[in-house]
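Sequence order for the protein chains is H, B, A and V. Residue numbering for the first sequence follows numbering that gives the first Met the number 0, beginning at 0 and increasing consecutively. Residue numbering for the second sequence follows numbering that gives the first Met the number 0, beginning at 0 and increasing consecutively. Residue numbering for the third sequence follows numbering that gives the first Met the number 0, beginning at 0 and increasing consecutively. Residue numbering for the fourth sequence follows numbering that gives the first Met the number 0, beginning at 0 and increasing consecutively.
Just so you know, the hints here were simulated from the structure itself, not pulled from any lab data. The reader is advised that the hints may include incorrect statements.
As the list claims (entries may be wrong) - Derived EDC-like pairs (lysine to aspartate or glutamate); straight-line CA-CA distance at most 16 angstroms:
| id | chain 1 | residue 1 | chain 2 | residue 2 |
| --- | --- | --- | --- | --- |
| 1 | A | Lys145 | A | Asp275 |
| 2 | A | Lys132 | A | Glu91 |
| 3 | A | Lys200 | B | Asp58 |
| 4 | V | Lys272 | V | Glu307 |
| 5 | B | Lys272 | B | Asp176 |
| 6 | B | Lys145 | B | Asp275 |
| 7 | A | Lys116 | A | Glu137 |
| 8 | H | Lys145 | H | Glu280 |
| 9 | B | Lys200 | A | Asp58 |
| 10 | V | Lys200 | H | Asp58 |
| 11 | A | Lys272 | A | Asp176 |
| 12 | H | Lys200 | V | Asp58 |
Said to hold, decoys possible - Stretches of chain H that chain V covers, calculated by requiring three or more beta carbons in the stretch to come under 8 angstroms of a beta carbon on chain V:
| id | segment |
| --- | --- |
| 13 | 55 to 68 |
| 14 | 243 to 249 |
C-beta: ideal position from N, C-alpha, C; glycine also.
Number of protein chains: 4
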Amino acid sequence: MYSHALVEKRAKGPIVVTASVVGATGYTGAVLTDILSSHPDVRLQALTSKSYAGDRVCDVFPHLRVSGVYTQYSAEAVGGSDVAFVCYPHAESHAVVAQLLDEGCRVIDLSADFRLKDPEAYALWYGFDHPRKDLVREAVFGLPEKYRAQLPGARLVANPGCYPTGAILAVLPVASDIDASGLVIDSKSGVSGAGRNPSAKTHFCAVEGDFRAYNEVGHRHTSEMIQEVSGAAGHAVTISFTPHLLPVDRGILTTMYFRPLRGLVGDQAWTQKYRDFYAGEPFVEVCDAVPALSEVAYTNYCRLAVREDPAAGLVKVFSVIDNLVKGASGQAVQNMNCMFGFPEDAGLQRKV
Amino acid sequence: MYSHALVEKRAKGPIVVTASVVGATGYTGAVLTDILSSHPDVRLQALTSKSYAGDRVCDVFPHLRVSGVYTQYSAEAVGGSDVAFVCYPHAESHAVVAQLLDEGCRVIDLSADFRLKDPEAYALWYGFDHPRKDLVREAVFGLPEKYRAQLPGARLVANPGCYPTGAILAVLPVASDIDASGLVIDSKSGVSGAGRNPSAKTHFCAVEGDFRAYNEVGHRHTSEMIQEVSGAAGHAVTISFTPHLLPVDRGILTTMYFRPLRGLVGDQAWTQKYRDFYAGEPFVEVCDAVPALSEVAYTNYCRLAVREDPAAGLVKVFSVIDNLVKGASGQAVQNMNCMFGFPEDAGLQRKV
Amino acid sequence: MYSHALVEKRAKGPIVVTASVVGATGYTGAVLTDILSSHPDVRLQALTSKSYAGDRVCDVFPHLRVSGVYTQYSAEAVGGSDVAFVCYPHAESHAVVAQLLDEGCRVIDLSADFRLKDPEAYALWYGFDHPRKDLVREAVFGLPEKYRAQLPGARLVANPGCYPTGAILAVLPVASDIDASGLVIDSKSGVSGAGRNPSAKTHFCAVEGDFRAYNEVGHRHTSEMIQEVSGAAGHAVTISFTPHLLPVDRGILTTMYFRPLRGLVGDQAWTQKYRDFYAGEPFVEVCDAVPALSEVAYTNYCRLAVREDPAAGLVKVFSVIDNLVKGASGQAVQNMNCMFGFPEDAGLQRKV
Amino acid sequence: MYSHALVEKRAKGPIVVTASVVGATGYTGAVLTDILSSHPDVRLQALTSKSYAGDRVCDVFPHLRVSGVYTQYSAEAVGGSDVAFVCYPHAESHAVVAQLLDEGCRVIDLSADFRLKDPEAYALWYGFDHPRKDLVREAVFGLPEKYRAQLPGARLVANPGCYPTGAILAVLPVASDIDASGLVIDSKSGVSGAGRNPSAKTHFCAVEGDFRAYNEVGHRHTSEMIQEVSGAAGHAVTISFTPHLLPVDRGILTTMYFRPLRGLVGDQAWTQKYRDFYAGEPFVEVCDAVPALSEVAYTNYCRLAVREDPAAGLVKVFSVIDNLVKGASGQAVQNMNCMFGFPEDAGLQRKV
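Looking at chain H on its own, in the form it has when it is part of the complex (with noise of 0.2 angstroms):
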């Protein structure tokens, strides 16, 4: 268990851990603001911001009615929290997560820099070399439903990604039921996905009406999928993985498709199975029906449903969540929760 101050503070009352969001104005970082500051165990601190500092909060997010102004990020003001968020994009993350874990702040990174568990795959699949490959080999793969009892004695958890948290959650069940194969994982993702900055790919013309692949080969959440798919099988599988981007704000529905080794056993069979493997899992849902991302989005939901195709032979996973909340934000903070001994769901009941 991480020794923390935190324990010094439980002895003294109800407790409540102070939390700052670095790069707290793109699309996670508002997430964040929304759900930690209607959360009973924490008290926001810092919210950091390059381009808003100095800017109020309700002024650039005026949906949020959350009280508060941005700040520039230091290492002492923001790693005087007891947890910090770092919303930065991968290759930037890094230095930052280090800063503040040498002020004994607990960190959970929303970024891909400490997501791949082989320091040397960050070259391959992200063009850098990480300089911290220490805090790789330490970092926590923050998907509560793997990786829970790792998460109270983390210092660093690194917060998944949209698509392989959609994806792995839809694959764990079956991981060692994949024949040689492999998995296709065709999944279709809100415009939310691409972040805040606003480019030629993002303009509501550009997308309104439009449906389309996107960097339909290699695209960088396949390693994730693999490192952590292959893990829960104890064999490498192989993935193919196409991206779409959808005239929608929020949401990601993946179909995946596999051939199973031991042959089909009917859909009730992998539904239960699926129930099985996800019974007590305060935000998964095994469903009859297919779903469809109005129910779970803006929630910390992840709904799945399973069909076999006795014709070709395959079975179909569907699994639905919101991109901004289960596949970025509201997981960080149920990470958070694990981390802390909170309520998993505290914070994480309400649509945000």
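Starting from the structure of chain H, add chains B, A and V where the hints point.
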């Protein structure tokens, strides 16, 4: 060659055929009305409608700017046309088609009633015993890219389904390259594919911001795909097809996955194979970049792109069409053009 | 003060009222179900539905995560509740309301059947002779910002219409400032305002990418606006109201124009006048910036901003609400909170 | 009549003018490219772009199917065209326009730089002192319905703004019927009106599901409306204009309110007045039903309808246009057709 009164007309001057649309107030009927009303070689005769008989076209579809009034269907009134487009639902269409053929009218049927070549397959896929197995056998499957040669002599053309059009065009060049694991076909369609009848599933509030799979195993269009792909391959090809509902009006994007029988050859080789196969086709465009719905919306084009996924050993093919144009009414007119010897793109050069 | 069994309950321990929803499977019923199911002072009793009796809530509205089954309406079953929310169409609602009042149940009616204070006005605006003019006279118009004092003693509350809610809140602070030329009220509403019954007008393909006015003169909600604005002004105020249909799910933005009786005074003075008027109101926010739908969507807030147009000598007032929350079900719960002495924002602090 | 080399061409055979587009990679440039590339009387010469010089049209706008490559602007290259369309922002355009006129090229300017007839008005409305007041005075305001007679002799045409086009067409028939209280013009525009440059305001996630007013007092387009409406009325008309941003790609719907100077006359009389005024106009359609955006989207039509509001003593006029076609590029081509004596609808009969 089909013997037709047109031959006599041809002798007398510029050829103009008379065309009628049966069931003209659905979405496919409206697009047909739009195309045919400005087709240089066509004069619109009857537009029939059960619900709107007596109403003016411009009142039912204010955007069309087509004069004329809807009438009740009668075999006599419609049968006097050179060609009739029948836009009735499956299992309702065949009786009208048979009547019109008896009247000496050539027919392009947009329902599923004559698409399957095996008359016994209707019981399995569509739940009815087909009463006109003779016409089932006579009908030409109206995909000009495959059956162009049979169209001039055809009395009855079965216009392909929207999903099959996009999927089959994506497969044809590689039908003999698919290994025994078969095809995964993951399609995403706009809402107009569900037809104009209002329902809980097509209510704006049920679709906007949402996305879901539906008929997720065994969708009826799978039968057409199996028939045509297996026919092209020369042996039975397994197909796992999954349709999804996009929050857009028009368009189908199909993402297709297969394991190549003879291994990987590189993106360029696959692309060239597609370019060679479709050389000279007026409505198939093989592209380097993966295509978006917006590139074909409101047009009769199909755009295709191919990608190898080397790590997974798979090939991905992307196709986009407008479900109401190349996937229905535009292709029906393309078939008519082939049947009557008009330029294949006559009437199909503008957006509808 | 309304004499109610609640008083006896109150003596025995923590107050929890039982609430039923009549017509619970429309959009307003679904939002009420969502709010009430997590309201700290409420226990849901009956949810009635003509079409879905016997179905589980979670099957009809998978996003709700509410247990329970819809039942057929009966006066006995529903009438035993402390309060009933009636979500029937106008002209159908009054009979049920009368029954439930007879059963001793307090009623919040979401239809128009008791909003107009003049019983003769129903013939003019709604085309029926109201059979319960006594109840029309008894009903309290459920706009807490205006009639809060009457709610604790009310047996029957007429929940305002969606357009009137946004418009009246925009007018109240300046009702006596409007010159003889009256008000121009130009409103734009999301599609959920048209209800859940599918129709040609709410088909996704008829709405997406489109925009239009409808009921462009004499929309029935005008009657509520005239009644309340004239009442606040102390004399008849002329109102020209035009509703439009936005391609969005939720929300109404109203742009209101008037010529100030006593001339221009500057943006700040108007804004301050609104702030003073609504000081302490839990759900009215007067802003400096003009508000967007997204700032109130899924909440019970109304946001307002005022602008002078000096060159034209007019004042513009902008108001936004969520038509299903502050414009219907949220306001209904706000009314209930006032009726029963609960905190006015109980159950209304999260998005629905 | 403008003396032009075209006259000499005309003598030699079928007339084809050469046309260039300066700033061809914004939305208006793309629509111009689309229209001109299939215009029967035009040959595209140069398409210039600062950002995309050297790129192929089909790579920047894959939906266009236009061959050709963007070039850097030079007065020589462009000036050799018979006509140039200038699509630069206001305050940047006038210098290029002056250069091209010097080269002997006729110019249709889509910026605001020559729309106001009073050269001093640019300081007030656009914040710069106009350096070419001579050209301001020479320019013809390119609304063919009002200034058709001046177009054949025009060297420089100032294409109207998108909001003014829809609004002025709605007012012209009744300009002398407006009482002293003036006009309320409440307009709602699609996002393409904000241009193709990505910004926080045009990000898909900032627009989808949302709606808001912007530039809510004193929008620059008000100046054009005042100029043209007052001109038509013969005296100054007060206008209060409010633009709003719709979550759609294309189209402007304007709802206009005025108090008729000589009282109410009935819907039919107003409609007939509009019909008489616009008799013979190829692109103005006066309708009985209030029009929707979808009826004019992607076309050069303006649709109008009029309604009296007897209770309020007001008249409401509804107009819809496509902001990029009749509101910009389509009208620019209509102007060109008038300038060069082509059929007024040449190139404008298909959707773009």
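Taking the hints in turn, this is what the structure says about them:
no., hint, verdict
1, Lys145/A <-> Asp275/A, "holds (14 angstroms)"
2, Lys132/A <-> Glu91/A, "holds (15 angstroms)"
3, Lys200/A <-> Asp58/B, "holds (14 angstroms)"
4, Lys272/V <-> Glu307/V, "holds (13 angstroms)"
5, Lys272/B <-> Asp176/B, "holds (11 angstroms)"
6, Lys145/B <-> Asp275/B, "holds (14 angstroms)"
7, Lys116/A <-> Glu137/A, "holds (9 angstroms)"
8, Lys145/H <-> Glu280/H, "holds (11 angstroms)"
9, Lys200/B <-> Asp58/A, "holds (14 angstroms)"
10, Lys200/V <-> Asp58/H, "holds (14 angstroms)"
11, Lys272/A <-> Asp176/A, "holds (11 angstroms)"
12, Lys200/H <-> Asp58/V, "holds (14 angstroms)"
13, 55 to 68, "violated (count 0)"
14, 243 to 249, "holds (count 3)"
Taken one by one, the earlier hints fail for this structure only at number 13.
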